[in-house]
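Chemist: Using the sequences plus the hints, can you model the full thing?
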Amino acid sequence: MSLGIGDEAPAFTLPDTAGEEHSLEGPAVVVFTCNHCPYALAWHDRIADATRDYPSVRFLAVNPNDAERYPADSLDAMRERVESEDWPMPYLRDESQEVARAFGAKTTPDVFVIGADGRLRYRGAPDPDHRDPSLNASWLREALDSVLAGEDVARPETDPVGCSVKWRQ
Amino acid sequence: MTVELLWWDGCPSHPEALAELRRILREEGVEAEVSRVQIEDDEQARRERFPGSPTIRIDGEDIVPPGEGDPFSLTCRVYRTRDGRFSPLPDPEDLREAIRSRAA
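Taken in order, these protein sequences are the chains called A and B.
Just so you know, the working numbering puts 161 at position 161 of the first sequence, and the rest follows in order with no gaps.
Just so you know, the working numbering puts 76 at position 76 of the second sequence, and the rest follows in order with no gaps.
Everything labelled a hint here was simulated from the structure, so no lab data went into it.
Computed from a predicted structure; not experimentally measured.
For every residue, glycine included, the Cβ atom is placed at its ideal position computed from N, Cα and C.
Accuracy of the hints is not assured; some may be wrong.
Unchecked claim - Far from chain A, some chain B residues (derived; all Cβ distances over 10 angstroms): (1) Glu28; (2) Val30; (3) Glu31; (4) Glu33; (5) Glu40; (6) Asp42; (7) Glu61; (8) Phe72; (9) Pro88; (10) Glu93; (11) Glu97; (12) Arg100.
Stated by the list, open to error - Residues from chain A shown here face chain B by an in silico Cβ test under 10 angstroms; the list is partial: (13) Tyr39; (14) Leu75; (15) His130; (16) Val161.
Modeler: Structure follows, in structure tokens:
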């Protein structure tokens, strides 16, 4: 079951690739993402740019995929990626997949914007088209601008687009 | 010319891949049926040497041959466009080039 707009986001603490633990505190963006999915890779730079442009917002990238079947999503592979790329946000491992289940994550990427009150304000894709970098995560940015201005988000939900979350079997 | 589209339903790119493939075949004046092969489990993926969805083969040859040692499994395939971006679909010009070279 998915988290609905206005619902309280589930609290969690997860380790990043260096073993440091991170918790959810609003305002925040939780992005379920991974290493092996072309949609997640195509949108990654746009989400990273948004992270840099909204320093007052906590961005958390969470990889929930089953690494046994998808070794490209193992903790080691996540660590290698963070070390070789310029990541402006922590990359968290959701080994038990409990956080992804609690949020109702469906795809990588799947973006959740949480307000300062801890409630879900936006859920969906970063922007309308993974093929067009000029869109610059526009849906995510619109939501953040509204949340930070204390206004309602005009477009609170869009369809997440990407690879299915790889649940353990 | 035989044209195959191998796909897995865990990846949403196959309808777009099919439309793109048909469009380019039409533009190149090639009359070929696209044979669609759904890959449903890891065993079939290994048997079909399926590196991910979508995979397009022309006369049995992958239009973007996978790297040596790449696993065969149920996954979304990562392509690179000609300008270096990650993409769930092959660059249309790579597809066009593959069709032209076979049609010649």
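Chemist: Quick one: which hint numbers does this structure break? Sort them smallest to largest.
Modeler: The structure conflicts with hints 6, 9 and 14, although it agrees with all the remaining ones.
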